[in-house]
Structure formats: structure tokens, C-alpha cells
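Engineer: Sequence:
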Amino acid sequence: MKLRHALAGTVALPLALAIASSANAATIVDNDDQTLKIGGFVAAQHAFSLNDAEATEDDHAMSLGTSRLNITHTKKTADGDITIMYENDWAGNKLDKDGDPAGDYRLRHAVIMYDGWVAGQTWSFFSNLNGLGETIEPNGNAVKSAATARNAVVGKNITLAEGMSVGVSLEDRGLSAEDMTPDIAANFKGDFGGIGVFAAVQSYATGADREMRMTGSVAIPAGPATVKAAFTNDVDDMWVSAAAQFKATDSVRANLVVEQAMMDGDNEDYTAIWANAIYTTPVGMEWGAEVGTVSADGTNAPALATGGKADGDMTVRLQARYAF
Numbered sequence: 082m083k084l085r086h087a088l089a090g091t092v093a094l095p096l097a098l099a100i101a102s103s104a105n106a107a108t109i110v111d112n113d114d115q116t117l118k119i120g121g122f123v124a125a126q127h128a129f130s131l132n133d134a135e136a137t138e139d140d141h142a143m144s145l146g147t148s149r150l151n152i153t154h155t156k157k158t159a160d161g162d163i164t165i166m167y168e169n170d171w172a173g174n175k176l177d178k179d180g181d182p183a184g185d186y187r188l189r190h191a192v193i194m195y196d197g198w199v200a201g202q203t204w205s206f207f208s209n210l211n212g213l214g215e216t217i218e219p220n221g222n223a224v225k226s227a228a229t230a231r232n233a234v235v236g237k238n239i240t241l242a243e244g245m246s247v248g249v250s251l252e253d254r255g256l257s258a259e260d261m262t263p264d265i266a267a268n269f270k271g272d273f274g275g276i277g278v279f280a281a282v283q284s285y286a287t288g289a290d291r292e293m294r295m296t297g298s299v300a301i302p303a304g305p306a307t308v309k310a311a312f313t314n315d316v317d318d319m320w321v322s323a324a325a326q327f328k329a330t331d332s333v334r335a336n337l338v339v340e341q342a343m344m345d346g347d348n349e350d351y352t353a354i355w356a357n358a359i360y361t362t363p364v365g366m367e368w369g370a371e372v373g374t375v376s377a378d379g380t381n382a383p384a385l386a387t388g389g390k391a392d393g394d395m396t397v398r399l400q401a402r403y404a405f
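Quick note: the sequence shown uses the working numbering, first residue 82, plus one each step.
For the record, the hints were derived by calculation from the structure and aren't laboratory data.
The structure displayed is predicted, hence computed values, not measured ones.
You may find that some hints are simply not true.
Claimed, not checked - In silico BS3-like cross-links for lysine-lysine, where the CA-CA straight-line distance does not exceed 27 Å:
id, residue 1, residue 2
1, Lys156, Lys118
2, Lys237, Lys156
3, Lys157, Lys328
4, Lys157, Lys118
5, Lys328, Lys237
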């Protein structure tokens, strides 16, 4: 999917990222005054965990995956386009009052954008989608090495040159009253002959103190493949990842994502690996299968959405998805 990076003469990074991460949308209205698009997808997943611990009924799980609904409206004016985007999803395996599976409602985007200004709930300016690998698991490397948080944001994107922009924002992660001081984020995004580059820093509150973290990534096209590398450094901890996507045909693609955590504490380092294959039918139905595994120094590694946290834990995940 090609994106228009320019909006009223300013590179609108959060808008481009929001659209890129959303399902294909059907155009409902498109005239000289406005554009209205509605889209999303419905997904179903089955995850089977193969952990070192004794198997239980929790090792099998059915869920909605991350089924989404999005609406994007653009008002076209002589002074520039005004775009409003709303998107939510249903994720997780929460049970309803009768004990039946019911996905959690989650707001993803509720944002207004004009002339590079961004205000609302949307991607943090620290979000590193350029380095994000495609996994069927909802989290993948989006939690650590290519962190992609969505916050309450007020920010501005400024064009430096063709294909290059910087952005600065104030953000609220919605934490406790002790962390009411807004985060400050700044990023750089560049397209150099098809090679995507992203870098960002963020100053964030931790109670009465402030800490600094940084992230960066590069995405390199190589024929039918795209190779990515990303890192995030937060105080004394670092996560690095490499991702490769190979498109065998227009309908078949495969992904390999490897993430390494290098933590300051003992017995917390881990390596997570996801490998998948996805087939898209001519009518937009997708079928996918993925194996995720984790290799850890000990049992104190962060629990991953693969279902594993100890050395050798593995999850097999199957997904059916239809975009509209």
C-alpha cells in the first residue's frame, strides 16, 4: 500500500503510521469537499502452547485476535485538509458474565490532524513502526525493540526536505497521579532511496524523577524481501531485533522476527523468535500459521504473548482474518 506522506506541505508521520497499521478501508464518499473511509477486519485465532510446565486447559485458547474497526474522515479546505481518524479493536480472551469468551474493547486512535499538527489518542511520536516485524501474535517485537505505544498526544511534524521530517510532542501515558508530568518525544523519519530510517528519543516521568530512552530502526528493500533492524534502549536495558519478510507471490508471504533482550538484572535476558507464513485469497480472506518460541537465561524473563517465559517454551498460533 502506497501512502501519501505529504499533507498540506507537511509530512504527517502519525497519520501515515496510523493508516499503514490499519486494515484496508472502503471509500464511502470522495468528492471535492470530503473523503470518508470505513474499514477494518474480523479475525479468529487459536493458540496452542507447548511449554515445559505440565499441560493444562489454559494451553489452548481461542480469541478474536485483534479484530478492528476504523473510520477516517477528511475535510478538504483551501487552507489544507483536516483529517479525523477513529479506530478500535477487540483483543484478548476476557470472559463475560456467563463465562463465555468476550474480547476486550480497546481504543486505538481518536485523533485530529491538520497541517502537521496532531492532537488526540494515537501513536506516540516514539513509536517505531518502521522497525516492526509482522507477526500473527498481537505483540511480537512491538512491545520492546520496536515499541509502538499509543498515547494522548499533542505534537507537530515539520518537513526538512523531500522524504524527511522531524516531530516533537507532549504525551500522556495515563499513569498514576505521581506521573502527571507529560512525556516529551522527538523523532526523525527519512526515506533514502526506498530505505526507511527512523530515530526517536523520549523523556518520561517516573514518579518525581525523569528518565530518557531512545529507539531507532532501518528498513531495507531487497527484491522480493524487506529486511529490518530495530533497537530500543531504556536506562540500563536494551532490546534489539531483526525482521525479514519474503513475498513469494502477491498472495503468499513469510516472516521471520528475532528479538534479543539484554537486561540489567540477573536471569532476565531472553531471545524470542517468531516464524510465520500467510496466504491471502483473491477475495481478501487471509490464512496464517506461526510458531513462536523463547529461549531465556532463567525463569524470570518477561512473559511473552507466545505463552512462554522459560527456556524452550513454544506457541503455535493459527489465524483466519477477513478485511473489509
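Engineer: Next pair to validate is Lys156 with Lys118; report whether the Cα-Cα distance is within 27 Å.
Structural biologist: 12 Å, holds
Engineer: With the threshold set at 27 Å, check whether the alpha-carbon distance from Lys328 to Lys237 stays at or below it.
Structural biologist: Not OK: Lys328 and Lys237 at ~35 Å, beyond 27 Å, violated.
Engineer: Lys237 and Lys156: Cα distance at most 27 Å?
Structural biologist: 19 Å, holds
Engineer: Regarding the pair Lys157 and Lys118, is the alpha-carbon distance no greater than 27 Å?
Structural biologist: 14 Å, holds
Engineer: Taking 27 Å as the top limit, are the C-alpha atoms of Lys157 and Lys328 close enough?
Structural biologist: Roughly 36 Å between the alpha carbons, so the hint for Lys157 and Lys328 is violated.
Comparing the model with each earlier hint shows violations of hints 3 and 5; every other hint is respected.
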